[in-house]
Amino acid sequence: MSPILDVLGVISMVLGGVVFAVGAFGLLRLPDFYSRLSGVSIAAGLGTALLLLGLLLHFPTLENALKLGLALLIQLATAAVGGNAMARAGYLAGTPATPRTRYDDLAVGTTDGPKPAPDDSRGAD
Amino acid sequence: MTVIDIGLGAVVLAMIIATYRILRGPSSADRAAGADVIFFGFVGLVALLGLRLETELVIDIVLACTLVGFLAALSLARLIAGGKR
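Line by line, the protein sequences are chains A and B.
Residue 1 is where the first sequence starts when you use this note's numbering, and the numbers rise one by one after that.
Residue 1 is where the second sequence starts when you use this note's numbering, and the numbers rise one by one after that.
The set of hints was computed from the structure by calculation and includes no laboratory data.
C-beta: ideal position from N, C-alpha, C; glycine also.
One side only, chain B facing chain A, incomplete, derived with CB under 10 Å: (1) 2; (2) 69; (3) 73; (4) 76.
The following label-pair restraints were derived from C-beta to C-beta distances: (5) A:2 to B:49: 16 to 24 Å; (6) A:62 to B:74: 30 to 38 Å; (7) B:75 to A:107: 25 to 33 Å; (8) B:23 to A:103: 30 to 38 Å.
Hey, can you work out the whole structure from these sequences and the hints?
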């Protein structure tokens, strides 16, 4: 393997690990379930994509390119679908949103149309 | 101690934070989100370990894990909703 591809692969994989940590930090700090899911999606989409790219740059053969390309395609497609399904299931289960949420567009038809959140108590910003 | 260890440490930190979210999470949906992050972190750990140990065997494992991860996310979502669609 050529050393430049080797170095690029290592850099990509370390970046992927750091993106994973950033997504998990969002899981720790974001206020409610619906915004925490964005942290999960960052880790699943960008983090895993960078890790797979680094693996391909480190072992650059045609067979590995086929396998990792297929894995990347499946990962990018199903992470979005899985995150959407999880958010929908959380909404159906009645997971509370943060009080700073202003509109609940998914409440159309179940109550009296889109309504603002009960108390408009946003933060100071 | 190589550069890859930084990536390994970052992914392990992510999995520890997700474990905290599973233990602490106010709702079961939060716990499911933490479990999802732990699964993807496991896949990332396998990939990083393959680079660290210089073996190409992990590529097949990663491919199988991405195939199964979809089913994991969907069954977790089904578990949160309690059978409702």
